[in-house]
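Asks: Each chain, letter by letter, is given below.
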Amino acid sequence: MIDPTTTDAPVIELRGAGKTYRSGSIEFEALKGIDLAIHAGEYVAIMGPSGSGKSTIMNVLGCLDTLTRGEYRLGGTDVNDLDEVELAEIRNRQIGFVFQGFNLLSSLPAWRNVELPLIYGGVPRHERKLRAEQSLERVGLGDRFDNRPGELSGGQQQRVAVARALVGEPTMILADEPTGNLDSVSTQDVLALFDELHARGRTIVLITHELEVARRAARVVWVRDGEILRDELNEDVAA
Amino acid sequence: MSWLESLRTSWSAVYSHALRSALTVLGILIGIAAVILTVGLGLGTQKDVSAQISSLGSNLLIVAPGSSTDTAGVRGGFGSSSTLTIADAEALASTVNAPDISGVAAEKTTSLSLEANDTNWTTSVTGTTTSWLDVRARTLSTGEFISAEDEETSAAVVVLGSETADELFGTQRVVGQSVVISDKTFQVIGVLDSAGSDSSDNLDDLAIVPFSTAASVLVGGTESAAVSTIYLQAASDGQLSAAYQEAETLLLNLHSITDSTAADFTISSQDALVSTATAVYETLTILLTGVAGLSLLVGGIGVMNIMLVSVSERTREIGLRKALGAPPGAIRRQFLIEAAILGLSGGLLGAILGVTAALVLPGVIGSSIVVSPAAVGLSIGVAIVIGVSFGVYPATRAARLAPIDALRSE
Ligand SMILES: Nc1ncnc2c1ncn2[C@@H]1O[C@H](COP(=O)(O)OP(=O)(O)OP(=O)(O)O)[C@@H](O)[C@H]1O
Ligand SMILES: [Mg+2]
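Chains A and B are the protein sequences, given in the same order. First residue of the first sequence? That's 1 in this note's numbering, and the numbers climb one at a time after it. First residue of the second sequence? That's 1 in this note's numbering, and the numbers climb one at a time after it.
A hint or two may mislead.
Covered, in the sense of this in silico footprint (three residues per stretch, anywhere, with C-beta under 8 angstroms from a C-beta of chain B), are these stretches of chain A [unchecked claim]: (1) 78 to 88; (2) 93 to 104; (3) 114 to 124.
If you are wondering where the hints come from, they were derived from the structure by calculation, not from laboratory data. Quick reminder that beta carbons are idealized off the backbone N, C-alpha and C, glycines included.
Can you build the whole structure from these sequences, using the hints too?
Replies: So this is what it looks like as structure tokens:
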């Protein structure tokens, strides 16, 4: 098990990270210069009230959005120094992202949605289908390969999104409320999956509103009004 | 991501938006078919007209009585109707005086009634000589043409145009039958092949008799030597203007006229007619092509509209694909191929429709349509360019967005 207090260089490091949204003349400072370091193999939960900036942090970590201030180092490299193609490769190989709003393509059946990251990863066709189906089985959707998102319940769609994040075996899972739409049974299944991935050395960062979910993580970061309020180790797990 | 993968992705996008794809293809298809048909129709009409004009005979000069500048058109002492005589025709036939003229056919034409069995039919009766068949580039479907002997003996023989033969005898065997013209009985010795009609004459409704017969039996009097038209055939295309010069000089001499502007005859050339008509129809073709090009442009704007909507509607999809690791190049390639698939299938289907219609329609509208490979190739090219430029431009823009901005767009 990797000790979260390890002195190794962190994989994820925000330094004075600030994000100001501009729409027309209106500016909104969603992140007010935060520092955050996460080491390889950590399991971190981010908690905070709605609108506090959790998704903003997550999008930056996933290289989907850029900071307006400060820097983000991923694996020791400043992402500002990377070009579009390198960023695409990082998003594809290293990061499995679960979006708050699923973001499935409605015209494609479940397995084709799950397969997408593999297409851009250059995985051969026959292998892609196999891996997509295995990934769907892992989230308990073994009988829903061919259904389109519109034919699935909210919880099932969320699990398809999780399956898609897992399919490329990324080293980092970034999940924005992955259990928000799930019943308690499915929530337990997904959390068990994350536990398993964590046990296998993956770095996991998830956003949640539920204390019960946060308790599975080794570390909880509390965010409020674009600032980090508290950053604490979870006694139960860390013990 | 390989081109093959891009192709699969693009194809599944085209396939899963079947209606929109079909409409896009339809827009291009109609534009292309319209271009092919209108250009084809223009070229076809042009071809028809030149074919009709040259069906009168090749390298032809036409000498008509009367001055081209004097609208009365009547001069000289040969009665009241013609300044040209059979003597003029004979002089022009001389290889010494007019070496560049290879054939001469004088015509003496009157409208007369023909009678066979109980049928009456009025047509133009032309008296002419053996050379007429060559000079006018006509052929016989059955029987024989007037011979030199018929001419010498003023034989009472007649060759009928195909329509005339039809009117008089219907399905009966025509050669060997008798026809009464001006109370004289003529024997039918041949029937001409059909030649259609030109702008002024029906070339298939006529009766041809030896010139001498027409002069003595049918017309008679002071006008017996007068001819209504002399057709001259130049030995070759290149000798046409030489032939023109010779004919003019010779006729001016014969008519004792010194000033060529005072000539009592007019020589016109078939080629001049052809080139005038060709120029007119070329202009028409350009005009039609312009109209067709416009319709293609309108189709193109429709395609552009659908593409723009399709891309902005799919900005989220672009954002998602980028978020999952698609490099900008893969996004551009996907939309490039998608647009090319639509443009190409629209172009090909349009070409198939246009060419099919070009084959079927002439039977219906009675005018030829010439399929121009250049028009087909060019319009398919334009279709692809339209699809690609209007599909790829917005896609390239969307591919540059930060993934999260693309994902947030509605
Ligand atoms: N594109 C944007 N333009 C302007 N303001 C934005 C934009 N995205 C987010 N915000 C604002 O930034 C703040 C932080 O948003 P964020 O999505 O990070 O919240 P959150 O913590 O994830 O909330 P929730 O728990 O409801 O998902 C919010 O006040 C939000 O209104
Ligand atoms: Mg959020």
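Asks: Run every hint past the structure and note whether it holds.
Replies: Hints versus structure:
Closer than 8 angstroms: that is the beta-carbon criterion, and the region 78 to 88 of chain A has 3 residues meeting it against chain B, so the requirement of 3 holds. A count of 4 residues in the region 93 to 104 of chain A with a Cβ less than 8 angstroms from any Cβ of chain B is obtained; the coverage claim is therefore met, three being the minimum. Counting residues of the region 114 to 124 of chain A whose CB lies closer than 8 angstroms to any CB of chain B gives 6, so the stated coverage by that chain holds, three being the minimum.
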